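Can you build the whole structure from these sequences, using the hints too?
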Amino acid sequence: MLRAIYVRTLKPGVTDEQFIEAWMPPGTTLDSYPARVSISRSLTDERQVVSVLEVDVPAGHLADALPGLVHPDSAQRLSDVVESTQLEAVYEEKTSFGKPGFVSPPTRS
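Using this note's numbering, the first residue of the sequence shown is number 40, and each one after it goes up by one.
Any given hint could turn out to be false.
[As the list claims (entries may be wrong)] Cβ-Cβ distance ranges computed for the label pairs, FRET-style: (1) Ser118 <-> Ser81: 15 to 23 Å; (2) Pro145 <-> Ser71: 36 to 44 Å; (3) Leu82 <-> Leu105: 27 to 35 Å; (4) Asp84 <-> Glu127: 12 to 20 Å; (5) Glu93 <-> Glu60: 19 to 27 Å; (6) Ala102 <-> Lys133: 16 to 24 Å; (7) Ser81 <-> Ala114: 17 to 25 Å; (8) Pro145 <-> Asp95: 34 to 42 Å; (9) Ser118 <-> Pro145: 41 to 49 Å; (10) Ser118 <-> Thr68: 20 to 28 Å.
Rather than coming from a laboratory, the hints here were simulated on the basis of the structure. Fair warning: this is a prediction, and the values are worked out from it, not measured in the lab. For glycine and all other residues, C-beta sits at the position ideal for the given N, C-alpha and C.
Structure below.
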């Protein structure tokens, strides 16, 4: 499992939909996208977003998968909606555990 992680600051007023449209490949819908995507907004800066793409391909095949994951003109299209990029990296999962979305109960005093 590979994870591409991006931390970006969007230009003022950019919506999640505009951001997704900037990199989504033509003809692809949210339901047909070939990877799991999570887009999160910062609790302290609503313009800062963290995007996590999870794709189940071996590291050596990532280049082959890219045409189905990003718009051919994504760099230019993203420059229209992104003010700055703080992190752009790909990681290979080595260990995974726990239940997705688990929130621990508050501790009692």
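**OP:** List, from low to high, the hint numbers that the structure doesn't satisfy.
**Re:** none
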